[in-house]
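Visitor: Using the sequences provided together with the hints, build the complete structure.
Residue numbers (the UniProt record's numbering), protein chains in the order written: chain A, 1 to 678; chain B, 1 to 678; chain C, 1 to 678.
Derived by calculation from the structure, the hints in this document are not laboratory data. In this text, a Cβ means the ideal position worked out from N, Cα and C, and glycines have one as well. Hints should not be assumed to be uniformly reliable.
[Claimed, not checked] One-sided and incomplete, this derived list gives chain A residues near chain C with beta-carbon spacing under 8 Å:
id, residue
1, G187
2, I190
3, D200
4, S204
5, V441
6, F564
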Amino acid sequence: MELLPNVLYGAAYYHEYEPYERLDQDVAMMKKAGFSVVRMGESTWSLWEPEDGHFTYAWMDRVVDAMGKAGIKVIMGTPTYSLPVWLYHEHPEMLARPLGGAPQFYGMRQNMDTDNPIFRSYAQRLVAHLVEHYRNNPNVIGWQVDNETSSNGASNPDVFAGFVHHLQEKFGTPQNLNKAWFLNYWGQDINNWNEMPTPDSAQSTGYKLEWSRWQQMRVTNYLAWQAALVRQYRRPDQFVTTDFAGAMHRDVNEFEVAKSLDIAADNIYHGTQDNMDGWAQAEHGDFTRSLKHSNYLITETNAQTTDWTSAFQYPPYDGQLRLDAYTDLSSGANMVEYWHWGSIHSGQETYWKGVLSHDLEPNRAYAEVSRIGNELRRIGPHLVDLKISNQVGILWSTDSLNAISFMPFSSSGPQWASAQPVADYGTLVSQVHHTLYRLNVGADFVFPEDPDFSRYKVLIIPALYIADDALLQKISDYVENGGHVLMTFKSGFANEDSAVRWERAPGPLRKATGFSYQEFSSLEHPLALKGDPFGAGAENKVSYWAEFLMPEHATALAWYDHPFFGRWPAITRNSFGSGTLTYEGTYLSDELQRRVLLDVLTRSGLTGPDQSLPAPVHVKHGTNRFNKRVHYYLNYSGSAQQFVYPYADGVDLPTAHPIAHGKTVTVQPWDVIIVEEN
Amino acid sequence: MELLPNVLYGAAYYHEYEPYERLDQDVAMMKKAGFSVVRMGESTWSLWEPEDGHFTYAWMDRVVDAMGKAGIKVIMGTPTYSLPVWLYHEHPEMLARPLGGAPQFYGMRQNMDTDNPIFRSYAQRLVAHLVEHYRNNPNVIGWQVDNETSSNGASNPDVFAGFVHHLQEKFGTPQNLNKAWFLNYWGQDINNWNEMPTPDSAQSTGYKLEWSRWQQMRVTNYLAWQAALVRQYRRPDQFVTTDFAGAMHRDVNEFEVAKSLDIAADNIYHGTQDNMDGWAQAEHGDFTRSLKHSNYLITETNAQTTDWTSAFQYPPYDGQLRLDAYTDLSSGANMVEYWHWGSIHSGQETYWKGVLSHDLEPNRAYAEVSRIGNELRRIGPHLVDLKISNQVGILWSTDSLNAISFMPFSSSGPQWASAQPVADYGTLVSQVHHTLYRLNVGADFVFPEDPDFSRYKVLIIPALYIADDALLQKISDYVENGGHVLMTFKSGFANEDSAVRWERAPGPLRKATGFSYQEFSSLEHPLALKGDPFGAGAENKVSYWAEFLMPEHATALAWYDHPFFGRWPAITRNSFGSGTLTYEGTYLSDELQRRVLLDVLTRSGLTGPDQSLPAPVHVKHGTNRFNKRVHYYLNYSGSAQQFVYPYADGVDLPTAHPIAHGKTVTVQPWDVIIVEEN
Amino acid sequence: MELLPNVLYGAAYYHEYEPYERLDQDVAMMKKAGFSVVRMGESTWSLWEPEDGHFTYAWMDRVVDAMGKAGIKVIMGTPTYSLPVWLYHEHPEMLARPLGGAPQFYGMRQNMDTDNPIFRSYAQRLVAHLVEHYRNNPNVIGWQVDNETSSNGASNPDVFAGFVHHLQEKFGTPQNLNKAWFLNYWGQDINNWNEMPTPDSAQSTGYKLEWSRWQQMRVTNYLAWQAALVRQYRRPDQFVTTDFAGAMHRDVNEFEVAKSLDIAADNIYHGTQDNMDGWAQAEHGDFTRSLKHSNYLITETNAQTTDWTSAFQYPPYDGQLRLDAYTDLSSGANMVEYWHWGSIHSGQETYWKGVLSHDLEPNRAYAEVSRIGNELRRIGPHLVDLKISNQVGILWSTDSLNAISFMPFSSSGPQWASAQPVADYGTLVSQVHHTLYRLNVGADFVFPEDPDFSRYKVLIIPALYIADDALLQKISDYVENGGHVLMTFKSGFANEDSAVRWERAPGPLRKATGFSYQEFSSLEHPLALKGDPFGAGAENKVSYWAEFLMPEHATALAWYDHPFFGRWPAITRNSFGSGTLTYEGTYLSDELQRRVLLDVLTRSGLTGPDQSLPAPVHVKHGTNRFNKRVHYYLNYSGSAQQFVYPYADGVDLPTAHPIAHGKTVTVQPWDVIIVEEN
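Guide: Dropping the structure here:
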C-alpha cells in the first residue's frame, strides 16, 4: 500500500443506524476531534441491495462525500457478513449447518456457509458493483473484505463434499487415509471415498485435526477469493485488508489469510479501568505485525464500553483512551479506529458503546478522543510506520492449539465429566508472551511455515504437539546453528496427522533436547521443585503434566520434590552444536516461567535496563521514518511512576520536553512519554 | 361474585387418583376437619371425555353429591391443561413448539399450543358440556378456567402467524417496524410482512420484547376466551376465576388476565420449617389483591411438602399450617385451599404431599388442619372480606422484567460466558417489597396501565427500563402534584420498543429527577458510600451498576467512595412541584435499602409503632364486614415474642381474650393473635 | 468351563492397530513376560468382513498361530460393538435413537440399536462364520460375546414396539396398566395399546421404571442370543463370557446376563498413584464373583494409564501393577488381562496406554509385568480357583437404583433447578461396602431374585425403594428365622411399579422393623445425634433424610438433636423372631456407619483380629485347590506396615518364607504377603 502521511485515527461510522438525520453534525464533530478516517459500509447489505438485483448507493455516497469535504478518508467494507432478510428467504440453505445438524434460524450475523455457491454468486455480484462504484472516488483509500470472518462452524453438504475432495487430493487413496488416521481402530476404515462419515460424531484425532484445517482453509480461500475480486475492480492505490477478530483463532489461519492482503488489520478489545495493563494490545499487536512483518491497522478497539449485555460496562478511566491509542502505535499500528462513533439504540450491541453515548452529544470520551486526534495531527508523522525489530520469537502452531484441545492435558473437573481445560496451548502461549511483556522484551510470533527462524536469537516453542519431521528438523538445525530454544512439554509428540510418533519421544528432537522419554504423568496436585533452584519461593510450583525425562546429553536444571516423580528432571538444558535447548517437562507457575525465561534471555545477551522499570511502566522501541529511535514509556496505573531514562538524549513528542540520558523521568497516571532520540 | 358467608377452607380433591374407593371416608374426614370447599375436575380431561366426543359425568357427579350432602361447596375446574392421550394421537401438532424447534413429545402437562384452532374447538366442546352439566347444581359455586396457565413457550406456526398479524396491526408498515426496531442494524430490515423472520434466533431487543408481549397476550386472550365461554353457560351466581402459578411471570400479564375474572386466585407455595417468615405469602398476596383491588382466593398452598423430587421434603413444624392460613387471610384472602387432600402414589408429584400421607390415615397435618377448620367455622365471619388500604405502591412492569433479562445488568460469570444474572429486575422488586415487609408497612402493587397513582403517598419504582413517554410523564406529574417517588437506576432509559432514548437520560424524567447522565459503569467490586451517610456500617455497599449522575436541581444524598466514581453521587433527592423523587443510581445492599426507604417513609408520615415490633412478629391491618379494625400479629419463629399493643382495645378472636391498648402481649411460637377492635 | 491349570495372565492385543509389522517381536516380548493369554478380535469387524459378505481370517490366523507357538492362549471376541463404515452406510437406521430423538451420526462405537433385525442378521452371519472358523483351533479357549454391552440408550421404533409388546404381555389390558401406573393422573390413561406414548417425555414414575427394565431386558436378551449363537458353533470346551464395563449399571442386569455365561468377566479400572486402596477392585470383584457364586475373569484392567483425554494420566507407582494383580486374585479372579498390550497412536484412546508405550519398546511397566508373569507361572497354581465364603451379603436392587434416581433424595442445588444428587442409592451401597472393606469383613452381593438369603448371617439392605410384597416377606422371614438385617430408609416404600404403598409405611416390613411412619423430612442441614450414642464425635452427623419413625416394638438406638425432629428416633433396632433388624431412618456419616455396622457385626460374631490391622493393609481369605487356607495381606501405601499374623503357620508364596502364627510380619510399600497355611 501507499505510504501513509500520518497515522490514521477515527472510527467505524454507521449513519444508517442512527435514529434521525445528523450527518453534518457528526462530520463536524469528527473533524473537530481530528479524525482522519472512518470505516463504513460493511454491515448493511440490505441498503446496498434492498431487493434482489437492485443496487443503491445514494445513501452512502452522501456520507462519503461529506467525509471527503471534511478531509476524512474512507475505508469501505464489503457487507457480506450479514445476510439481508430477502436473501435468507430466497435461500435459507445458506445458513451454516452446525456439527450435529441442529436447525438454524435467521437472526444472528456471521452464520452463513461462505462456500455456498449461491451465496458466492450473490456476494460476487454485489462486491463487483460496489468496488466499481467507488474505485474512482479518491476519498476511498482502501477496502475491507468481509468482517471478522470465521468458518461459522459450517458443515453443510457442500462443505463436507469439499472436505472429501480435499482428502482425496491429499491422501490419494482411502487406504492411505486409513493408515494415516489409524482407522482400523474400532473398525472404522473406509473402502472408498463415498463411504467417508461426516464429522458430526468423528472420534478420530486425525479426522478432527484435518477438519479443523479444512475450516481454516475455507476461511483462507473465501477471503482470498474476495480479495482477488476487489483487486479486479479497485483503483490500484486502494489497499485491501480484512479485520481479524483478535488473533490466534482455532478456525482461522491468520498467517495464510494475510498472504491475500495488502496490510493486516485487527480488532483488539481489551480490559479497561483496573484491568488495563497494555498486555492484550501488545500480544495481539505482536501477532498481527508478525503476519507480514510489517505495520498494521487497528480496525476496531474499545471506545466507551464493550458488552453484549449490560453487565460488563467498564468505561475507561480518564487518560486510558489516550494511553490505549499510543499503546497500539507502540506495537506498530498505523491506524487506531474505534468501534464506533455513535452508540446504537437497539439490538445486540446496544451496550457496545461508541465514542458518543446514546444522546449523541459531546461527552467525556469525545473530549479525550479530541485531545488524541489533535495531538496526533501534530506528532503522528513521527510515529507512523514505526519499524520494530525483535530478537525473540514465539512459535505459534494453530494445529497444536487444535490437537491439544481434542486431548487436553488439564481439566477443572473429574475424569468422568468432559475435560474442561484450565491450562492449554493457549494459556501456555499467553504465559510466555506475558512473561516477555512483563520483562519488557519485545517479541514476534513465528509460524511453522516461516522459512527462516535464524533472525531470532531466542525461539520459544510452547507445546508443539503437532509437527511433521521437517519442522522438527528445522528446529533442531536452528539450535545446532547457534539458536537458543526454550521449549515445553508435548513438543514433537505427534506427527502431522495427530498420530503419536512410534519412535521414542521426542522423536526427531531427541538429539537437540538431549533426552528421551517413555512415560509422563498428570500431576494430581502441584509439586515444588527440589531445593527451589530458581529462588522463586516454595509457593511457586509446577502443575498438570510431568514427562519422565531420561537425559542422554542434557543437564538437569530442576527436579520434582516427590518420592516418585523425583527421579526425573523437571527442566533440562542441552547444548547442541553451537546453540542450546532449554526444556520444560512440566507446566511452570508464572514466576517460575519468568525466572527460567529471564535466565535464557540473559545468557543470550538480551537483557538490559528495560528490566529495571517499575512494574506498571512498559517500554517499547522502534525506529521512525526519520530513522530516529523512538522509546514509548507507558504507565498503566493510577499513580505517577519514576524511572531513569537510559537511552540517548531526546525529546518527549507530546510535550516537546527534552529527555536527557540518565535523568529521572516521571510519567503521570495513565500517561505516556514518547522519546524521539535527537 | 356473591358475598361469601365465611372464608372458604378446603383442598383440591382428586378421587380419581386414589388407589381404591374411599369417597365416603374422605368426605367424612373433610367434614370433621371443618372443610367448606373443594376444588375438583381440572386435571382429568380423560375421564370427562374418555374418547373423542363421548362425555361422562357420573364419576364426578357422585363426588359432587357427596360433598353437597356434607355441606362442602365445589369449585369446578375446566380440564384443559393436560391433553388426553387420544387427543394427542389425533393431533400431535397441538404440542407447543419451543423456540429452536426441538421436537416435543407427549408426557408433560401444560405443553400445548393453546392457540391451535383444533385444540380450541375440542376445548370449547368439552367446556360447554361441562358447564351446562353443573350450571344447575347449587353446590357448584364457581368455575376455575384452565390451571396455572402460561404461554407454554409456544412458537408454533399459528402462533407466529398471529404475531406477524399483530405487528401489522400495531406498526402498519414494515418500514415503521424497521424504524422502531432499528433493523438497519446488521442489515436485517424487512421489505414486506411475509419476510418476517421467526423469533428462534432473533437478536433484536425490540423483537424480543414484542415477542414476550405476544406470549402474554396469548395467555390473556386464551383465558378471556375460556372465561367468556363459561359465562355463556354458567348459572349467574357461579363465579369465574383462574389460578395463577404464583405471581410476576414473564409470560403472563396478570393485570390484564384479571379483567376477565370475577375474582383473582393464586397458588402460593412458600418455605416451611426454618424458611417460613410469611414474606412469600405477603408478596404474592399483595400482588394478587392489587390486580382487582379486592379480596382473592388461595387456590393452592402447601399441605405437607412440595417437591417434584424427594430431595426437598420439608413438612411444616407444629403450628406452621395454622399460622400460614391466617397469614393468607391477613393479606386479604377469602379462601385457603390446600393442594391437595391425599398424597398421590405415583407420578411426578408423588412427593408433593397432600393433607393426608400416602397411607390416607389421619396424621399430624390432618390434626392441625382440623383445628384450623373448626376454628374458622367460629371466627371466619370476622375475617372474611377484609378490606386493606395501603399508602405505598410498588410499580410492577412486566416489560421491564423482560427487557432487562435480555440485557442483564449483573452476571455471576465472566463476560465471555453468557450472562447469568445474580441481580435483576425481580431481585430489585423483591428487595423493596421485602424491605417494606420487614418494616411492617403494607404495600400494593401498581401497574403501568393504572390510570391513577394518586391514591398512594409513596410510589416505589424499581428499574423502569421500559416506558413510553406518557408513563414517564404520568410519574413526573405524580411527583409534581405531591407524590413521593423512590426510583432506581435504569428507569426511563429505553422506550416502549426497548430502544434506548436518544435524548439525554433519563429522558422525560429529567425534570422530576433533577439530573441527567451520559455514562454508567458496571461495578467490578462493591463500593462503600463515602462517610456512611445512612449509618448502615461499612460492610453495607452498593453493587453492579453506577450511573454517572450530573445533578441539575437534585441534591446528592450519598457519594461513591472511589477515586474515579467518587465524582458522581450514588443517591439523589429532588424536590419537584410539591413532591420529591429519591433516586438510587446503584444497587443498594438490603440494609442500605432499608434505611433509604425508611427515610422516605418517615418523611411521608407513614411510620409509627409497627416499626418497633420484634423482628419475627409481623402485623397486618384491615377492616372487616362489621366495619371493625382487625390487627393480625403473626409470630414467625419458634420462640414466644412480646410486644406492647398500641391500638384500641379489642379481643383476640381465636381465644376470645380481651387485648387492651398499651398492654404487653405475648404471642406463642408459630402462633397468631388477631385483635378485633371493640 | 474346564478347570484352568493356572491363573491366566495377559492383555488384549490388537496387531491390526499397530503402525508397522511387529508380530514376532510382540509375541517374543509377551512370552518373555510370562503371558499365558491374549484377548483379540472384538474390535475390528471391518477386517473380519471388509465388504458386505466377504469374510477374511488370514490377518487373524497368523496372530493366533504365533500365539499358539508361544504357548499363549486366545480368547476371541465377537466384533459386534462397533459397526464398520460400509454397514452404517447401508443401514444408517441401525444407529441408536436417543430419547428426544436428536439425530445421531457415525463415529462413536457402541451406538447401535442391538434389537434392529437387520443388525442382528449381519451379526448372526458374521459370528457364525467366525466361531466355525476357530472352533477347531485348540489355542482358542473361549469366546467373549460383544464388548461392554449396554442398552446404548436406544429408543428406536423397533425398541419401542418391543416395549409395548412387553407391556401387553405383562399387564394384559390397558386398564391394568392405567391402574398400576396411576395414569388417571393428569388424565394420561390410555384406551388401547396403540395409544401408548413414547418414553421421550414420560413423567410417570411407573413408566420410567419399566422402561429402565426394558433396557436391561434388551441387554440380557441380546447377550443371551449371542451366547446361544456361539454355543451352536463352538467347540464344547470353549467357554462363553462377556466383559461387563465395571458393575452395577442402570441399564444392565448383570445377574440376569450372567445366566447365559459360562463364566462372568469384568473390566475393572481403578485409581492409581495416591488413589489406589484396592477398594474399587474389591467392590467390583465381590459383585462379579457373586453373580454366579464362582470365580471370574478380569478381562480388562489398568496397564499404564486410563484416560480419554490426556488430563488424567496416572501411571502406577512402582509395585502398584503387581499389587493390583494380586488384589484381583484375592477377590476370586482367575485371570488378569491388561487393556492392552501396545499403546494406540491415534484416536479416542491414544492416552489409554497399554503395557508398552507408544514407542513399543520395553519400559518400566513391561519390567513389572514381566516380574508378575513369571512369578505367577510359579505360584499361580496355589492361587487359581480360590474359594471365598462370606457371611455378609449386601442386597443390590437395580430397580431401586433407577427408581430413586427418578425421585432423588438429595440435591446439590436449589429446588428450582433440577435435582443433582450428592447422595443416592449408589453412594449408600458404596458406603456400606466401603465400610466393610475398611473393616476387612468380606462381603457378597445378593440379588432380589436370590431364592435363599439364609447363607448369610448378616444382610445389609440399602434403600430398597422398589420391592414387591414377596421380596419384603422374604426379608421379614429371614429376620424371623434368625437373620440379622441392617436396613436403611426408603426400604419398602414403593411397590414393584414404583407406586408408593397405600398401607402405612414400611408396609409388609412393619412387623420386622417394629415401627411405622407417616412422615419424613429432608434435612436442610446435617444434624447431630443426641448424646453421641456411638461415640463417633460431634462432627459425625446425619444428612439428607429423616423418617419420623414411630416405634411399635423397636428400640431407639439414637435420636436427632433438634427441637422438632428430636421426638423421633434416627436409628432403631427390633428383635423379631430369632433375628434382629437394625434400621437407619437417615443417612449416616461414614464414621457413624462404620460404628453402627461394626456393632451389628460384633453382635453377629463376625469380628476378630482382621479388624486390628493397620489402615492401609487389607486382608482377604480363601481356600485354594489344595484345600489350604490362603491369606492375602495387601499394603496399599508407600510405607512399610507391620502386623501380628493371627492364623495358622504357613508360608509366604512369593518369597517362600515361613510365616508363623503370632509373629510380627512386615509388608513392604505397595507389596503383598500371601500366606498359604501349612
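Visitor: A separate judgement is required for each hint: does it hold in the structure or not?
Guide: Evaluation of the provided hints:
Because the smallest distance between the Cβ of G187/A and any Cβ of chain C comes to about 4 Å, under 8 Å, the interface hint for this residue holds. For I190/A, the interface hint holds, the least distance from its beta-carbon to any beta-carbon of chain C being 5 Å, beneath 8 Å. Annotation: interface hint on D200/A holds; nearest CB of chain C at approximately 4 Å, less than 8 Å. Annotation: interface hint on S204/A holds; nearest CB of chain C at approximately 6 Å, less than 8 Å.
Because the beta carbon of V441/A sits about 31 Å from the nearest beta carbon in chain C, more than 8 Å, this interface hint is broken. For F564/A, the shortest C-beta to C-beta distance to chain C is roughly 5 Å, which falls under 8 Å, so the interface hint holds.
Violation of the numbered hints given earlier is confined to hint 5; every other hint is satisfied by the structure.
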